[in-house]
Amino acid sequence: MEEWVGVKWHHYITNKSTLRYREATVKLSDLGKRLAVYFRALGGDPGLSLAETSDYIHDGHRTFLQKMAGSGVKQALPHFHNEFFFLPHQIDCFPSKKANEALYYWLTALASLNHTPHKHHWIKHNQYLSQQILNNWPGLRSRYKILSRLQLQHRPKISSLPKKLQPVERALQKVIADPWCDNDIEVGHDVQPLPVMLWLYPSPINTVAERRDQDHQGDQEQEQKLAAKNLGDKKYKAEQMDDRDQGDGLIAFRLESLFTWSEFLNLDRSEEDTDDEDLQSVADDLDKITVSSGKTASKVKLDLDLPSAEYDDVVLTEGILLPEWHYKKEQLIEKQCALQTMALNITEPAQWREETRKQAKILKRQFETLKPQRKWLDRQEQGDEADLNSFLDFSVQRSMGQGTTDPNLYRQLHQTNRDLSTLLLADLSLSTDAFVSGDRKVIDVIRESLYIFGECLSAAGERFSITGFASKLRSHVRYYELKGFEDSYDDTVRNRIYAIKPNYYTRMGAAIRYATKQLAAQKTGQKLLLILTDGKPNDLDQYEGRYGMEDTKHAVNAARKEGLVPFCISIDIEPHDYLAYIFGGQSFLHIKHIEELPKKLPMLFYQLTH
Amino acid sequence: MSNTSPLKHSDSLSYYQQQNNEVALFESAWHNQLPVLLKGPTGCGKTRFVQHMAEKLGRKLYTVACHEDLTASDLIGRHLIGDGETYWQDGPLTRAVREGAICYLDEVVEARKDSIVVMHPLTDDRRILPIDRTGELLNAPPEFMLVVSYNPGYQNLLKGMKPSTKQRFMSMSFDYPERELEAEIVAKEAGVDLELAKLLARLAGHIRQLKDHDLEESASTRLLIYAATLIKSGISISEACRAAIAEPLSDDIEVVEALMQVMNAQLGDD
Ligand SMILES: Nc1ncnc2c1ncn2[C@@H]1O[C@H](COP(=O)(O)OP(=O)(O)O)[C@@H](O)[C@H]1O
Ligand SMILES: [Mg+2]
Numbered sequence: 001m002e003e004w005v006g007v008k009w010h011h012y013i014t015n016k017s018t019l020r021y022r023e024a025t026v027k028l029s030d031l032g033k034r035l036a037v038y039f040r041a042l043g044g045d046p047g048l049s050l051a052e053t054s055d056y057i058h059d060g061h062r063t064f065l066q067k068m069a070g071s072g073v074k075q076a077l078p079h080f081h082n083e084f085f086f087l088p089h090q091i092d093c094f095p096s097k098k099a100n101e102a103l104y105y106w107l108t109a110l111a112s113l114n115h116t117p118h119k120h121h122w123i124k125h126n127q128y129l130s131q132q133i134l135n136n137w138p139g140l141r142s143r144y145k146i147l148s149r150l151q152l153q154h155r156p157k158i159s160s161l162p163k164k165l166q167p168v169e170r171a172l173q174k175v176i177a178d179p180w181c182d183n184d185i186e187v188g189h190d191v192q193p194l195p196v197m198l199w200l201y202p203s204p205i206n207t208v209a210e211r212r213d214q215d216h217q218g219d220q221e222q223e224q225k226l227a228a229k230n231l232g233d234k235k236y237k238a239e240q241m242d243d244r245d246q247g248d249g250l251i252a253f254r255l256e257s258l259f260t261w262s263e264f265l266n267l268d269r270s271e272e273d274t275d276d277e278d279l280q281s282v283a284d285d286l287d288k289i290t291v292s293s294g295k296t297a298s299k300v301k302l303d304l305d306l307p308s309a310e311y312d313d314v315v316l317t318e319g320i321l322l323p324e325w326h327y328k329k330e331q332l333i334e335k336q337c338a339l340q341t342m343a344l345n346i347t348e349p350a351q352w353r354e355e356t357r358k359q360a361k362i363l364k365r366q367f368e369t370l371k372p373q374r375k376w377l378d379r380q381e382q383g384d385e386a387d388l389n390s391f392l393d394f395s396v397q398r399s400m401g402q403g404t405t406d407p408n409l410y411r412q413l414h415q416t417n418r419d420l421s422t423l424l425l426a427d428l429s430l431s432t433d434a435f436v437s438g439d440r441k442v443i444d445v446i447r448e449s450l451y452i453f454g455e456c457l458s459a460a461g462e463r464f465s466i467t468g469f470a471s472k473l474r475s476h477v478r479y480y481e482l483k484g485f486e487d488s489y490d491d492t493v494r495n496r497i498y499a500i501k502p503n504y505y506t507r508m509g510a511a512i513r514y515a516t517k518q519l520a521a522q523k524t525g526q527k528l529l530l531i532l533t534d535g536k537p538n539d540l541d542q543y544e545g546r547y548g549m550e551d552t553k554h555a556v557n558a559a560r561k562e563g564l565v566p567f568c569i570s571i572d573i574e575p576h577d578y579l580a581y582i583f584g585g586q587s588f589l590h591i592k593h594i595e596e597l598p599k600k601l602p603m604l605f606y607q608l609t610h
Numbered sequence: 001m002s003n004t005s006p007l008k009h010s011d012s013l014s015y016y017q018q019q020n021n022e023v024a025l026f027e028s029a030w031h032n033q034l035p036v037l038l039k040g041p042t043g044c045g046k047t048r049f050v051q052h053m054a055e056k057l058g059r060k061l062y063t064v065a066c067h068e069d070l071t072a073s074d075l076i077g078r079h080l081i082g083d084g085e086t087y088w089q090d091g092p093l094t095r096a097v098r099e100g101a102i103c104y105l106d107e108v109v110e111a112r113k114d115s116i117v118v119m120h121p122l123t124d125d126r127r128i129l130p131i132d133r134t135g136e137l138l139n140a141p142p143e144f145m146l147v148v149s150y151n152p153g154y155q156n157l158l159k160g161m162k163p164s165t166k167q168r169f170m171s172m173s174f175d176y177p178e179r180e181l182e183a184e185i186v187a188k189e190a191g192v193d194l195e196l197a198k199l200l201a202r203l204a205g206h207i208r209q210l211k212d213h214d215l216e217e218s219a220s221t222r223l224l225i226y227a228a229t230l231i232k233s234g235i236s237i238s239e240a241c242r243a244a245i246a247e248p249l250s251d252d253i254e255v256v257e258a259l260m261q262v263m264n265a266q267l268g269d270d
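Here the protein sequences line up with chains P and R, keeping their order. By the working numbering, the letter at position 344 of the first sequence is numbered 344, and the numbering carries on one by one without gaps. By the working numbering, the letter at position 103 of the second sequence is numbered 103, and the numbering carries on one by one without gaps.
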């Protein structure tokens, strides 16, 4: 009898798990942006991004299904993790495209309540979420009816299930049919029903890791694959990026990815707000990564110590204390960061590539034409054209017998000065050490971009400053002034630009706050703060993910309040949602092909200011 | 010119739904001869408010929609030629000063700064308007009032108002009315029933969360009124929302579709 059930079950599972309507497949990538907008409009946390998750082994099936059917049933379940809401990369469980698409929207609607279902009460929790959404959004009721009917058709027949599963399945089906029904069933650890396609799930990473602690025979390799898979989906995984077509521009590895990675493995870490940075524990974290991520990590060399004094850049100020925004406490914590202004250690004169010099020359010529900011001035004593209006005035006055002796009847082109100061703040963090193509790195592109930017703006007679920053924890935010507002743009500046190199991490908030001070002190009416970065704010302590984003956003808003106009130029791999969240939808530009940056940067400046 | 027209009763005025205490504030600014700056997103009722207040105070209203090519002469006046002779014609600002009227410069940041400086002597306690071209110097009567508006969104990036100019005005912030009020406004203005207006107002509340992140502009009260008007004239709800709300807000098909889905979640598939 046992045996027979097993066989039946095997059939059932293999059938069910392959029951897919390929011709009705809807891909997340087809809907991506729509769902993101929908999510936010319904009240979803705008600090989160949507991401896709591919198949992995569903929690419940490992003990149960694997034993019974001998193979894992693969399911991609919607869930929250860190700053992401994950949706299946495709949905094909229902027979029509329309239904599968509606399912995406339904799941997104559930997620807009910003709840991650409770690990032990996920049935009840999903029941509650469904009720909320159907109450708040009455327009979804008719759709829910259709989706729930379809889902019920695709549930196992209760009588076909092992006895142990029957009560749970019965309760489940009741809840699906009517989210307002009474239900007290909760699911134990030993048995899990097939996933309900209409529901959200707890983060699989947490769940799996938790169970490993429970039964001590967790398959660690599996777990890592699982985590790696998710990272891969998020396009953060170093390995995967190596494999990407070099032709499209990017890139070898990103340091930020390691920290995201570490969150997956060390679950406690994201919870504890390590305020006091303990380098040793940070190093431990990194060790763990090295051990567990194998091949990937071996490519990564981290220099955790500051370079020895003789090679290091020169510290100009010991520490300018700056505040930092703690989003959980909703509080600006004074004197949280120490910023040092630094002078680069210049070892060789600038040697630009032929190509770069050519490009600089062409652009420079275009910008030179912008220099004489000429404008027609009316009522001039002499000029290139007659001023019709003043002539009219003059004739009227004369006819009234009060003609002036020196009528100003001409218009002339005049030079006017620009009422604008621009500060460019470039991210010089270690992530810019990544390769772009061949032996060119992100930092090389940034270096050339700063150079060309400088050439163009000085040709146009603009008032500007070029700066860079990097950080190592809140005690070391390094700020490099490559060209101050008062410096003339000359070989000293060019050599400094040439000397920039990748450096630690990205504590962007502190750098923006300092740059704001510099720029706000300028006496022009308009002040443009350009921020050039290749990724999210991050640092070795809690300054990553949401914390770093919120602090940066706070700094950007403060700059705006000072009357500055902040604008971000991103050369991140993807135009992630965080850019709009931090800078506002109109105040950033994502540059897809990083090699275009040198040309686009001055062009962008032109567009913003003319 | 005498300016003794009596204050009007509220039932004969154009309809304005007060949100806070802006009516009293504006009245007291007028009594104290203070210029007023209205800040707020487009379509939230600023123009209607000024119109209402002008009627209430019994003043004539001169409205100028500012744009980049607006010159000082467009505001003050110019000499014109006709019938072989030239004559002077007042611009709206000059006329308002002469008549003790209210002059409203809408979207003032759109105008070039050098056109706008002509209003400066009117905004301090001198309250004068020098007309260089004719050599005239007008003293603004106590009834004259200058009102300007602008939309402080930073999408104009480097535009925006100089702090020094801003400080010449008493300023009032406007925003879209809260849901209940907005529903009333939509129902009254479009002549639809309150239930429909409430749904539209609720929808707008959600779409407004997308400002800055996904949308440059918010769904304005004005757009809601358009949608309601279309629905009233027999267009289906979803078509009306598409034409009056989703499409005007974005040119991105994906965003428009998302907005339509939000609309469906609120109002159901047609
Ligand atoms: N508080 C209000 N009371 C009455 N009508 C309003 C109100 N707010 C907005 N409206 C309606 O919205 C429309 C647009 O408002 P308007 O004053 O033109 O906006 P703004 O000048 O701020 O761009 C008005 O024509 C009016 O129908
Ligand atoms: Mg970085």
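Hints listed in this document are in silico derivations from the structure and should not be mistaken for laboratory results. Quick caveat, the model's predicted, so the values are computed rather than measured. Keep in mind that the hints are not guaranteed to be accurate.
[Unchecked claim] Cross-link-like lysine-lysine pairs, in silico, DSBU-like; alpha carbons within 35 Å at most:
| id | chain 1 | residue 1 | chain 2 | residue 2 |
| --- | --- | --- | --- | --- |
| 1 | R | Lys166 | P | Lys523 |
| 2 | R | Lys211 | P | Lys335 |
| 3 | R | Lys113 | P | Lys371 |
| 4 | R | Lys232 | P | Lys561 |
| 5 | R | Lys198 | P | Lys371 |
| 6 | P | Lys145 | R | Lys39 |
| 7 | R | Lys232 | P | Lys33 |
| 8 | P | Lys174 | R | Lys232 |
| 9 | P | Lys517 | R | Lys166 |
| 10 | R | Lys232 | P | Lys599 |
| 11 | P | Lys375 | R | Lys232 |
| 12 | R | Lys198 | P | Lys98 |
| 13 | P | Lys145 | R | Lys198 |
| 14 | R | Lys211 | P | Lys27 |
| 15 | R | Lys198 | P | Lys124 |
| 16 | R | Lys211 | P | Lys523 |
| 17 | R | Lys113 | P | Lys33 |
| 18 | P | Lys517 | R | Lys232 |
| 19 | R | Lys198 | P | Lys97 |
| 20 | R | Lys198 | P | Lys33 |
| 21 | P | Lys561 | R | Lys39 |
| 22 | P | Lys329 | R | Lys211 |
| 23 | R | Lys39 | P | Lys97 |
| 24 | R | Lys188 | P | Lys364 |
| 25 | P | Lys600 | R | Lys198 |
| 26 | R | Lys166 | P | Lys33 |
| 27 | P | Lys98 | R | Lys166 |
| 28 | P | Lys517 | R | Lys113 |
| 29 | R | Lys113 | P | Lys523 |
| 30 | P | Lys33 | P | Lys164 |
| 31 | R | Lys113 | P | Lys561 |
| 32 | P | Lys523 | R | Lys232 |
Taking the hints in turn, this is what the structure says about them:
| no. | hint | verdict |
| --- | --- | --- |
| 1 | R/Lys166 x P/Lys523 | 18 Å, holds |
| 2 | R/Lys211 x P/Lys335 | 33 Å, holds |
| 3 | R/Lys113 x P/Lys371 | 21 Å, holds |
| 4 | R/Lys232 x P/Lys561 | 43 Å, violated |
| 5 | R/Lys198 x P/Lys371 | 55 Å, violated |
| 6 | P/Lys145 x R/Lys39 | 46 Å, violated |
| 7 | R/Lys232 x P/Lys33 | 32 Å, holds |
| 8 | P/Lys174 x R/Lys232 | 41 Å, violated |
| 9 | P/Lys517 x R/Lys166 | 22 Å, holds |
| 10 | R/Lys232 x P/Lys599 | 53 Å, violated |
| 11 | P/Lys375 x R/Lys232 | 52 Å, violated |
| 12 | R/Lys198 x P/Lys98 | 29 Å, holds |
| 13 | P/Lys145 x R/Lys198 | 25 Å, holds |
| 14 | R/Lys211 x P/Lys27 | 27 Å, holds |
| 15 | R/Lys198 x P/Lys124 | 32 Å, holds |
| 16 | R/Lys211 x P/Lys523 | 32 Å, holds |
| 17 | R/Lys113 x P/Lys33 | 40 Å, violated |
| 18 | P/Lys517 x R/Lys232 | 55 Å, violated |
| 19 | R/Lys198 x P/Lys97 | 33 Å, holds |
| 20 | R/Lys198 x P/Lys33 | 28 Å, holds |
| 21 | P/Lys561 x R/Lys39 | 16 Å, holds |
| 22 | P/Lys329 x R/Lys211 | 25 Å, holds |
| 23 | R/Lys39 x P/Lys97 | 47 Å, violated |
| 24 | R/Lys188 x P/Lys364 | 59 Å, violated |
| 25 | P/Lys600 x R/Lys198 | 47 Å, violated |
| 26 | R/Lys166 x P/Lys33 | 39 Å, violated |
| 27 | P/Lys98 x R/Lys166 | 53 Å, violated |
| 28 | P/Lys517 x R/Lys113 | 26 Å, holds |
| 29 | R/Lys113 x P/Lys523 | 17 Å, holds |
| 30 | P/Lys33 x P/Lys164 | 42 Å, violated |
| 31 | R/Lys113 x P/Lys561 | 21 Å, holds |
| 32 | P/Lys523 x R/Lys232 | 55 Å, violated |
Violated hints, listed in ascending order, are 4, 5, 6, 8, 10, 11, 17, 18, 23, 24, 25, 26, 27, 30 and 32; each of the other numbered hints is respected by the structure.
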